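**Student:** Sequence:
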Amino acid sequence: MPSTTDAPSSTRLRTLAETDPAIATVLGDETTRQNSELELIASENFVSRAVLEAAGSVLTNKYAEGYPGRRYYGGCEHVDVAEALAIERACGLFGADHANVQPHSGAQA
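Quick note, this note's numbering runs 27 ahead of the 1-based positions in the sequence shown.
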């Protein structure tokens, strides 16, 4: 039997199917639906696998209030790199000198 000190680590390593099989089934069913039906609602457009990976990455665990290099909380060095890269790409794409790539409200964050 695992010790209490192993619990947080072992819980983090479990897949969704192991942690909550019912929700894993629901997500699988929704994936099948999205892959087999034509979606005509613009706001429900399909994102790429790369976007799903990024959106579900470890950056989800990090709260990064402020701007790169001037965050309210510590431990944001990797978030800073990702945000600086997004800013650089947005400026290049739109021919801009400045860009703010942060969500404008908590709903999008």
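Since the hints were derived computationally from the structure, they do not count as laboratory data.
Careful, some of the hints might be misleading.
[What the hints assert, rightly or not] Per label pair, the in silico range of CB-to-CB distance: (1) Arg116 with Leu67: 27 to 33 Å; (2) Gln61 with Ala81: 15 to 21 Å; (3) His125 with Lys89: 22 to 28 Å; (4) Tyr94 with Ile68: 30 to 36 Å; (5) Tyr100 with Glu64: 37 to 43 Å; (6) Arg116 with Asp56: 32 to 38 Å; (7) Phe121 with Arg39: 35 to 41 Å; (8) Arg39 with Ala81: 27 to 33 Å.
As the structure is a prediction and not an experimental result, all values here were calculated from the model.
Even glycine gets a Cβ: it sits at the ideal position worked out from N, Cα and C.
**Student:** Taking 22 to 28 Å as the hint, is the beta-carbon distance of His125 and Lys89 inside that range?
**Tutor:** 24 Å, holds
**Student:** Could one say that the CB atoms of Arg39 and Ala81 fall in the range 27 to 33 Å?
**Tutor:** 19 Å, violated
**Student:** 30 to 36 Å was suggested as the range; check whether the CB atoms of Tyr94 and Ile68 agree with it.
**Tutor:** 34 Å, holds
**Student:** Taking 15 to 21 Å as the hint, is the beta-carbon distance of Gln61 and Ala81 inside that range?
**Tutor:** Since Gln61 and Ala81 have Cβ atoms about 18 Å apart, the given range 15 to 21 Å holds.
**Student:** Does the Cβ-Cβ separation between Tyr100 and Glu64 fall within 37 to 43 Å?
**Tutor:** 42 Å, holds
**Student:** For the pair Arg116 and Asp56, does the Cβ-Cβ distance stay inside 32 to 38 Å?
**Tutor:** 35 Å, holds
**Student:** State, for the Cβ atoms of Phe121 and Arg39, whether the hinted interval 35 to 41 Å holds or is violated.
**Tutor:** 39 Å, holds
**Student:** Between the beta carbons of Arg116 and Leu67, is the distance compatible with 27 to 33 Å?
**Tutor:** 30 Å, holds
Hint compliance for this structure: hint 8 alone is broken.
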